[in-house]
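**Student:** Generate the whole structure from the sequences, applying the supplied hints.
2 protein chains.
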Amino acid sequence: MSKEIPYKIYLEEQEMPKAWYNLRADMINKPAPLLNPGTLKPMTAEELSAVFCDELVKQELDNDTRFIEIPEEIRNFYKMYRPSPLVRAYCLEKKLGTPAKIYYKFEGNNTSGSHKLNSAIAQAYYAKKQGLKGVTTETGAGQWGTALSMACSYFDLDCKVFMVKVSYEQKPFRREVMRTYGASVTPSPSMETNVGKKINAEHPGTTGSLGCAISEAVEVAVGTPGYRYVLGSVLNQVLLHQSVIGLEAKAALDKYGEKADIIIGCAGGGSNLGGLIAPFMGEKIQKGTDYRIIAVEPASCPSLTRGKYAYDFCDTGMVCPLAKMYTLGSDFIPAPNHAGGLRYHGMSSVLSQLYDDGLMEATTAKQTEVFQAAETFARVEGILPAPESSHAIKVAIDEALKCKETGEEKTIVFGLTGTGYFDLVAYEKFHDGKMDDYIPTDEELAKYAAKLPKVEL
Amino acid sequence: MSKEIPYKIYLEEQEMPKAWYNLRADMINKPAPLLNPGTLKPMTAEELSAVFCDELVKQELDNDTRFIEIPEEIRNFYKMYRPSPLVRAYCLEKKLGTPAKIYYKFEGNNTSGSHKLNSAIAQAYYAKKQGLKGVTTETGAGQWGTALSMACSYFDLDCKVFMVKVSYEQKPFRREVMRTYGASVTPSPSMETNVGKKINAEHPGTTGSLGCAISEAVEVAVGTPGYRYVLGSVLNQVLLHQSVIGLEAKAALDKYGEKADIIIGCAGGGSNLGGLIAPFMGEKIQKGTDYRIIAVEPASCPSLTRGKYAYDFCDTGMVCPLAKMYTLGSDFIPAPNHAGGLRYHGMSSVLSQLYDDGLMEATTAKQTEVFQAAETFARVEGILPAPESSHAIKVAIDEALKCKETGEEKTIVFGLTGTGYFDLVAYEKFHDGKMDDYIPTDEELAKYAAKLPKVEL
Numbered sequence: 001m002s003k004e005i006p007y008k009i010y011l012e013e014q015e016m017p018k019a020w021y022n023l024r025a026d027m028i029n030k031p032a033p034l035l036n037p038g039t040l041k042p043m044t045a046e047e048l049s050a051v052f053c054d055e056l057v058k059q060e061l062d063n064d065t066r067f068i069e070i071p072e073e074i075r076n077f078y079k080m081y082r083p084s085p086l087v088r089a090y091c092l093e094k095k096l097g098t099p100a101k102i103y104y105k106f107e108g109n110n111t112s113g114s115h116k117l118n119s120a121i122a123q124a125y126y127a128k129k130q131g132l133k134g135v136t137t138e139t140g141a142g143q144w145g146t147a148l149s150m151a152c153s154y155f156d157l158d159c160k161v162f163m164v165k166v167s168y169e170q171k172p173f174r175r176e177v178m179r180t181y182g183a184s185v186t187p188s189p190s191m192e193t194n195v196g197k198k199i200n201a202e203h204p205g206t207t208g209s210l211g212c213a214i215s216e217a218v219e220v221a222v223g224t225p226g227y228r229y230v231l232g233s234v235l236n237q238v239l240l241h242q243s244v245i246g247l248e249a250k251a252a253l254d255k256y257g258e259k260a261d262i263i264i265g266c267a268g269g270g271s272n273l274g275g276l277i278a279p280f281m282g283e284k285i286q287k288g289t290d291y292r293i294i295a296v297e298p299a300s301c302p303s304l305t306r307g308k309y310a311y312d313f314c315d316t317g318m319v320c321p322l323a324k325m326y327t328l329g330s331d332f333i334p335a336p337n338h339a340g341g342l343r344y345h346g347m348s349s350v351l352s353q354l355y356d357d358g359l360m361e362a363t364t365a366k367q368t369e370v371f372q373a374a375e376t377f378a379r380v381e382g383i384l385p386a387p388e389s390s391h392a393i394k395v396a397i398d399e400a401l402k403c404k405e406t407g408e409e410k411t412i413v414f415g416l417t418g419t420g421y422f423d424l425v426a427y428e429k430f431h432d433g434k435m436d437d438y439i440p441t442d443e444e445l446a447k448y449a450a451k452l453p454k455v456e457l
Numbered sequence: 001m002s003k004e005i006p007y008k009i010y011l012e013e014q015e016m017p018k019a020w021y022n023l024r025a026d027m028i029n030k031p032a033p034l035l036n037p038g039t040l041k042p043m044t045a046e047e048l049s050a051v052f053c054d055e056l057v058k059q060e061l062d063n064d065t066r067f068i069e070i071p072e073e074i075r076n077f078y079k080m081y082r083p084s085p086l087v088r089a090y091c092l093e094k095k096l097g098t099p100a101k102i103y104y105k106f107e108g109n110n111t112s113g114s115h116k117l118n119s120a121i122a123q124a125y126y127a128k129k130q131g132l133k134g135v136t137t138e139t140g141a142g143q144w145g146t147a148l149s150m151a152c153s154y155f156d157l158d159c160k161v162f163m164v165k166v167s168y169e170q171k172p173f174r175r176e177v178m179r180t181y182g183a184s185v186t187p188s189p190s191m192e193t194n195v196g197k198k199i200n201a202e203h204p205g206t207t208g209s210l211g212c213a214i215s216e217a218v219e220v221a222v223g224t225p226g227y228r229y230v231l232g233s234v235l236n237q238v239l240l241h242q243s244v245i246g247l248e249a250k251a252a253l254d255k256y257g258e259k260a261d262i263i264i265g266c267a268g269g270g271s272n273l274g275g276l277i278a279p280f281m282g283e284k285i286q287k288g289t290d291y292r293i294i295a296v297e298p299a300s301c302p303s304l305t306r307g308k309y310a311y312d313f314c315d316t317g318m319v320c321p322l323a324k325m326y327t328l329g330s331d332f333i334p335a336p337n338h339a340g341g342l343r344y345h346g347m348s349s350v351l352s353q354l355y356d357d358g359l360m361e362a363t364t365a366k367q368t369e370v371f372q373a374a375e376t377f378a379r380v381e382g383i384l385p386a387p388e389s390s391h392a393i394k395v396a397i398d399e400a401l402k403c404k405e406t407g408e409e410k411t412i413v414f415g416l417t418g419t420g421y422f423d424l425v426a427y428e429k430f431h432d433g434k435m436d437d438y439i440p441t442d443e444e445l446a447k448y449a450a451k452l453p454k455v456e457l
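Those sequence lines, one after another, are chains A and B.
FYI, the numbering for the first sequence is 1 to 457, going by this note's numbering.
FYI, the numbering for the second sequence is 1 to 457, going by this note's numbering.
It is worth saying that the hints were derived from the structure and are not from the lab.
Any given hint could turn out to be false.
Note that the list lumps identical chains together, so a pair holds whenever it fits in one copy or between two copies.
In silico EDC-like links for lysine to aspartate or glutamate, alpha-carbon gap of 20 Å or less [claimed, not checked]: (1) 18 - 73; (2) 58 - 47; (3) 94 - 73; (4) 18 - 4; (5) 454 - 331.
**Tutor:** Structural data, given as structure tokens:
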């Protein structure tokens with residue numbers, strides 16, 4: 001307790017987690033299963049294994065095993081960029097004049113620039129272990145594609161990335177990092193797949209979408225011997241791997257006798273938030289520990305706060321299984337929003353269930369206020385944050401200012417998922433006053449919600 | 001000794017250096033003094049203080065004080081991004097199949113992306129302490145400008161950066177980071193200074209040069225009440241601040257009972273190399289410890305390996321004092337070379353003297369082989385290195401491969417000064433096979449050497 005808290009808490013290597021924590025084992029209401037879109041029956045392991053690696057299918061379906069050992073090869077890779085620091089934001093506290101203690105778990109200190117690497121390396125490892133030749137995936141903004149390229153390079157695995165054409169053209173730097181790691185990067189829609197050819201024929205000159213890129217990646221994975229498809233968010237397996245974030249954060253707090261009061265994370269598909277909150281949420285469920293947990297989503301893409309809790313397609317192409325989640329509808333296209341990682345129409349089933357059970361809160365933040373918070377943070381804490389992460393910063397600052405009013409010394413922990421090095425076009429717009437806040441109307445949302453598939457179990 | 005060496009060695013906060021190490025105090029032959037270009041007499045403190053902050057002038061001229069305390073405010077800032085990790089390159093060793101142990105000190109884990117912040121924060125602190133309103137500087141590639149912007153933002157100091165026009169236009173992202181930190185960034189040559197107007201009139205449409213940007217920054221600093229000029233390399237004071245790199249590296253090695261055999265750093269103006277080697281060099285001079293120290297410069301800009309040891313101007317505009325250094329001549333313009341930080345025509349006086357005394361070696365590396373080494377490194381170690389830093393990687397790999405041949409288990413330490421996030425245009429050229437190696441001919445170098453000022457002391 002009396003130990004002075006350093007600016008950055010790094011665990012020792014031997015204090016790093018040796019197992020991932022599977023929050024589902026401690027959930028009273030389990031997340032709803034994925035459904036086969038044809039039969040509307042829960043997807044079996046066999047069905048899933050045509051698309052995903054066997055071991056990952058096992059993890060996807062396992063709602064019971066509390067701790068799943070992290071293989072030594074993955075732990076060794078983690079040691080190259082983990083533990084990530086839990087930073088005490090002394091300078092931000094001072095700037096705000098708040099009695100609150102603010103901590104952030106910084107996941108940007110690796111070349112992919114975000115937390116995505118935590119799951120990418122796990123998925124690549126299991127693919128290699130299964131004797132596969134390569135994996136396919138899609139990427140929009142590029143964080144996930146970069147992380148997967150790094151992971152595949154490490155395990156000498158082919159990596160084929162379908163990158164949404166508009167990003168491919170506008171973000172050549174992201175593409176170049178992937179090429180440095182030996183990945184093949186194809187603008188989507190391409191002429192290499194049936195679905196790509198079809199879309200190109202129907203929409204000449206289209207700049208692509210994430211939904212289309214997913215469909216191309218799945219088609220290649222299923223049609224190429226020795227290949228599987230991998231995904232960077234939403235899935236149970238991804239949240240499992242990302243639990244390393246929360247486990248480290250909690251261990252670091254425990255080491256200094258600190259107890260979080262409020263835990264805040266940005267939420268797109270849910271990979272970061274699900275990982276960060278896992279051990280705190282587990283304790284809350286099991287022991288009733290008083291943790292306020294807040295998901296922050298962009299006002300332009302408010303799946304938790306304004307979506308429906310229903311079965312929906314995971315992709316716009318509707319080739320993937322159905323998942324029960326808070327969703328805006330699989331063909332909802334958010335307005336231009338520079339937080340590329342928060343544009344997904346749905347939310348992981350695990351988080352959706354926890355939210356529905358009242359175990360966590362959700363709120364939204366507008367783009368310009370997010371960038372304002374990002375700039376405030378960057379100037380005092382010396383880290384240029386990703387727009388996604390800055391949603392969490394915004395709400396952490398708000399909570400800290402509430403403490404200033406009430407005089408409460410709360411402990412706030414938020415996830416700083418990545419750096420903004422590849423988002424400087426957005427920063428430029430913000431500096432030049434050319435950034436808009438767009439919030440969908442109720443009518444718009446109702447239009448998409450009306451198109452949700454009708455599923456009765 | 002028997003302690004297992006982790007992938008990354010982080011010092012505890014209380015183990016971080018509390019004083020910078022002034023290598024000059026231990027040098028037998030001191031570096032030659034700066035000369036007033038008019039009188040050819042050593043610059044006095046009074047003369048220097050028109051341009052630089054008083055405390056920095058003191059540090060610049062102090063060849064005697066071995067340790068200079070790091071003020072608490074600076075140590076607090078250092079705690080936000082330091083200690084930087086000393087990384088054991090286990091994966092690179094395995095990839096090379098070498099018995100050598102390879103370590104690198106990674107300085108890229110801060111938003112400026114390089115070691116430059118170590119001196120920027122010190123210079124900003126002393127400016128603030130002196131009650132100044134702001135500072136001016138120039139930047140080429142942008143690493144130094146970014147670091148200084150961050151430092152000035154922290155101490156609430158105006159920061160005016162003259163950015164070489166071609167970089168200003170081609171590197172809008174760097175510029176945007178500086179704006180995020182509140183700096184004013186002006187393309188140089190500008191119409192805001194006499195020298196800028198003159199150059200614009202004489203060379204309409206010029207895209208600028210570092211020499212011109214320096215002259216503009218100095219003109220504004222000297223002509224604006226409450227302003228001083230700051231510089232990110234070459235100067236004694238900068239090497240002093242950068243000694244924090246070497247002090248941490250040595251403390252981390254000592255903690256695990258490791259002794260470096262070979263220490264390698266890239267060398268442009270000398271700020272990183274001078275900082276990294278300081279405590280090792282000091283021990284070598286004082287106790288005769290056997291350290292091989294190697295400076296690596298680009299083959300396109302070989303000041304140590306092919307320059308003259310002579311008094312020369314520090315800037316192309318010839319408004320700054322004369323420094324005795326290994327130089328190619330102040331109007332030498334290196335061929336296009338993507339390691340923007342290694343394009344300086346001269347080398348810090350401290351390093352020049354040490355090299356002349358035979359206390360360190362120097363070698364060159366060609367651009368394409370540097371990028372090849374960068375890619376090899378990125379793929380196994382998971383960090384995308386800056387082109388500058390990759391010069392050190394190249395030679396570290398060469399030395400490790402020599403150990404493979406001889407079976408020697410040498411310990412190699414090199415400086416990884418920064419990340420390559422803002423150098424992806426260069427990576428793209430490399431991947432596309434469009435990168436050339438240019439090496440100046442003897443005739444070319446002789447032409448510039450003939451124009452060196454004639455100074456007899």
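**Student:** Classify it for me, residue 94 with residue 73: is the Cα-Cα distance of at most 20 Å met within a copy, between copies, both or neither?
**Tutor:** between (42 Å within a copy, 14 Å between copies)
**Student:** One pair to classify: residue 454 and residue 331, alpha carbons no more than 20 Å apart. Within, between, both, or neither?
**Tutor:** within (15 Å within a copy, 74 Å between copies)
**Student:** Should residue 18 paired with residue 4 be assigned to within, between, both, or neither, using CA atoms and 20 Å as the limit?
**Tutor:** between (27 Å within a copy, 18 Å between copies)
**Student:** Classify it for me, residue 58 with residue 47: is the Cα-Cα distance of at most 20 Å met within a copy, between copies, both or neither?
**Tutor:** within (12 Å within a copy, 73 Å between copies)
**Student:** State whether the alpha carbon distance between residue 18 and residue 73 is at most 20 Å within one copy, between copies, both, or neither.
**Tutor:** Within one copy only: 11 Å inside a chain, 38 Å across chains, cut-off 20 Å.
Of the numbered hints listed earlier, not one is contradicted by the structure.
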